[in-house]
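K.L.:
Single-letter residue listing:
There are 2 protein chains.
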Amino acid sequence: MTRARKVDLITNGAGRPVPVEVNGKRTRPFAGVEVARPEGRHASPPIRSCADYPDDGNKLLPDLETALERCGLRDGMTISTHHHFRNGDLVAVPLFDAAARMGVKNLMWFPSAAFPCHEPLIKHLDSGVLHHIEGSLNGPLGDYCSAGKMSGLGVLRSHGGRFQAIQDGEVHIDIAVIAAPAADSFGNANALTGPAAFGSLGFALADSLWADRVIIVTDNLVPFPCVPWQIQGNHVDHVVQMDRIGDPALIISGTTQITRSPDRLLIAEMVARFIRDAGIMKNGFSFQAGAGGTALAFAVYLKELMKEAGVKARFIRGGSTKYLVEMLEQGLTDYILDGQTFDLEGVRSMRDNPRHVATSPLTSYNYHGKGNFASQVDAVVLGATEVDVSFNANVVSHSDGRVLHGIGGWQNCLFSKCTILAVPSFRDRLPVIRDRVTTLTGPGELIDVVVTERGIAINPKRQDLLDAIKGSSLPIRPIDEIDAEVRKLCGGAPAPAKLSDEPVAVIKWVDGTVLDTAWRVA
Amino acid sequence: MTRARKVDLITNGAGRPVPVEVNGKRTRPFAGVEVARPEGRHASPPIRSCADYPDDGNKLLPDLETALERCGLRDGMTISTHHHFRNGDLVAVPLFDAAARMGVKNLMWFPSAAFPCHEPLIKHLDSGVLHHIEGSLNGPLGDYCSAGKMSGLGVLRSHGGRFQAIQDGEVHIDIAVIAAPAADSFGNANALTGPAAFGSLGFALADSLWADRVIIVTDNLVPFPCVPWQIQGNHVDHVVQMDRIGDPALIISGTTQITRSPDRLLIAEMVARFIRDAGIMKNGFSFQAGAGGTALAFAVYLKELMKEAGVKARFIRGGSTKYLVEMLEQGLTDYILDGQTFDLEGVRSMRDNPRHVATSPLTSYNYHGKGNFASQVDAVVLGATEVDVSFNANVVSHSDGRVLHGIGGWQNCLFSKCTILAVPSFRDRLPVIRDRVTTLTGPGELIDVVVTERGIAINPKRQDLLDAIKGSSLPIRPIDEIDAEVRKLCGGAPAPAKLSDEPVAVIKWVDGTVLDTAWRVA
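Residue numbers (this note's numbering), protein chains in the order written: chain D, 1 to 522; chain R, 523 to 1044.
Calculated directly from the structure, the hints in this document are not laboratory data.
Idealized CB from N, CA, C, for every residue including glycine.
Be aware that a few hints might be false.
Partial pick of chain D residues on the chain R-facing surface, computed with a CB cut under 7 Å [said to hold, decoys possible]:
1. Ile47
2. Gly103
3. Val104
4. His368
In isolation and in its complexed conformation, chain D is listed as follows (with noise of 0.2 Å):
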């Protein structure tokens, strides 16, 4: 089944269409990348007292279901759960099961992220006890939401997006479900250790703060208290315990492998190279770079580049894998801030190393706070599908307009001193570099440098880098020659996506405004 949308549409400032109106609210169109300034005040919980709360703290309850039915669970909720335990997550499944046999219907699942775990929640949607889903779609729920199957739209965020639109009221959450590592039974809660311990809670922060009702779920209970407290069970109404919450070994996900392609090592070779020739990998400086296989492979040789020159960082952000660690370890950085640990040996320094700091969407990434730490980093190195002539970038759908990915901390990434894209020039013969991105993720003016094997295209906007690399062996390039040289060897220019004019999802920037549409795929 597809479900034909009529919706009005307005171009917003960056010329792409959006729907004025999504799932029965009105929305703002994307303005400019600093243009919108909010209005009004941040979104308010209701007011609790410790006389409905048990003296002793205990707030146990047998299971899920019985705590939802405390919180008052019924038709039309929105329900939040999180996403670090990405593909191994044993929570949202056994969560939805529960409100589909009570039998309530219309719900809003509002996750940090989906990941194909998630597919099994397909029947609850064809069901109507799910209505639709806010957050990132990898996998099945993307391709379900692109095939126009999903009774509402889906509305892509940033992980410093998801923070704004809960910190502002856009998203109200009725009921947040936070699955712990470790937990008391007041409700503090972390995640640094246990069985399924993936080190920082942070993306259920803004959920425990405003949600109406916070629901702890742990494989893990510890006496009080349960140190340190990423979520504070002065936020936390009910503690439930479960025999497993998540799979360790599917938390990882693969993603924390080094490219062993020549081509991607011979990219971020090149990152790291640009970011000595540049003049920003000097001491105190600071860097970040995600955990895909050609992120970790530039970590190392950056790595190499800083002993060789004696040059120390003040911090590194994480996503934080065994690469970053060693790098703390051996002195070569100051700090790691870190927002998510790949690996155990993140999540072991994240609990043992007071200089290995756990973050939150607050700290590095919400655009409606006063300042955010994204914006102070010298350098970040990201991926994307599609990159444009004029620097745009797409991360979240395919060449195909199929939305396959979510946001994670990318748009929030971009305002680093800094921001490469390191990507390959083609990927199965589709160039990488293309006239327009299918759809906008991030505005072509915060990306500063794109690197593919072909060479290295520099944002004629930043002249002062232009003026830096001077003098560098790096192969320099403009972009458009990038773009002439990869489209002859693909055979021309890619075939654009077969899209209908139905929307079946937004994508939001950072400030709420609605910066593109993906449209269902024909």
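Place chain R on chain D using the hints.
P.N.:
Same frame as chain D, now just chain R:
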């Protein structure tokens, strides 16, 4: 000058007459210990945008005056500060001197507490720069208020009550000024290092979360990131450097000397034995005691009893001192959960030992949360200026009616499973036990045990404690009997305070209702 006030009074649930309006706002009279239920939602600060803050995170301004100007300081605003420096604070006086130079009037000062070092602010109260103070008033400012010289009414709140008042929007802070022993230029701040280090910045947490504008003042600027961030730069507008923000010698204020009075040592020992003999001292138990001389002696006695019996606590609540730190380091407790450190050993331990955990009024005391730590503590040992035969207690005024002390965490701690007042039976020939307390600060139903050098009185409501202590050699006596004995010894019942019928301050209960009134001292 005294300022006569005509105000309407109402008799509250404790039988005390209280003003129906305080400083222009309608009040809710105390209805009972756990009777009132809050309505509505949390206060919420304005939504900000990173677009209005420096991308490089540098929020430094040259001086306090510039920062106040940038915050839009104007007549009638509420300015908050914290009292972590106690009598060594070097910020509040220059702050209001700056405000005076800027020509503003009718400010409300909202400190977490005022100390004798703040006496110079009296000139600003006289001149109208300051309209009134809401906060604990230790010493000269308490005297000033008691004499009826303040333009508005004093409002005394517990640590938890102050958090509650900010959270619930009863007090709106326009500008919070937070003095921090360590801070970076983004505004991340802590109190663990630097010349004025005092441990935890917990009392300023609510201010940072809800004030419209937040200024960090520091004498120890460190490179970003200042870790840990007890105050998050994401809530901070401006950062100002000063030469000195606090006098380390006066931060301690002489409170951390063990008593040498034989009577008080006897009381301390009896308290420790009571906790043992009543069966409270067992593996996994918890307790809290303050930093007064008797409380310190109690901790030392209890430590010996614990060692003798081979008992280990799960947690001890600070205010911490070297005595508690020793217990942590000797394995007599798993954790110290600490709201404030009272000596440098406490600071060192909190900085270096992950089992010495900084807490805040949110975690520990806020009554309008989903539970708090205070009610989970097995036994708490507190002081009082007066106790009556119904176990009601006073901690804010002397028997002459002058309000000279703050509430601190005292009211919040009353929710402990066993609340013990350790008091001498008389002071300066005035009985401490009396028919009726001058100012009601803690309702008797929450006070379980009164320990004096003449015996131990157990609240008849606690039959379980009376049963538990049977067989102990401790002198358990009815409170009336102790009262009669002391009265005889002191030559009769104490004369009631000579008070006018003009309110000068109100005492709030933990839920924001008005528990009692302080009257102008005739």
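K.L.:
None of the hints should be skipped; say for each whether it holds.
P.N.:
Against the structure, the hints:
Restraint check, Ile47 (chain D) versus chain R: the minimum CB separation of about 4 Å is within 7 Å; hint holds. Taking 7 Å as the C-beta cut-off, the interface hint given for Gly103 (chain D) is violated, the closest approach to chain R being about 27 Å. The closest approach between the C-beta of Val104 (chain D) and any C-beta of chain R is roughly 24 Å, which is over the 7 Å cut-off, so the hint fails. Checking His368 (chain D) against chain R by beta carbon gives a least distance of about 5 Å; that is within 7 Å, so the hint holds.
Hints 2, 3, counting from the list given before, are not met by this structure.
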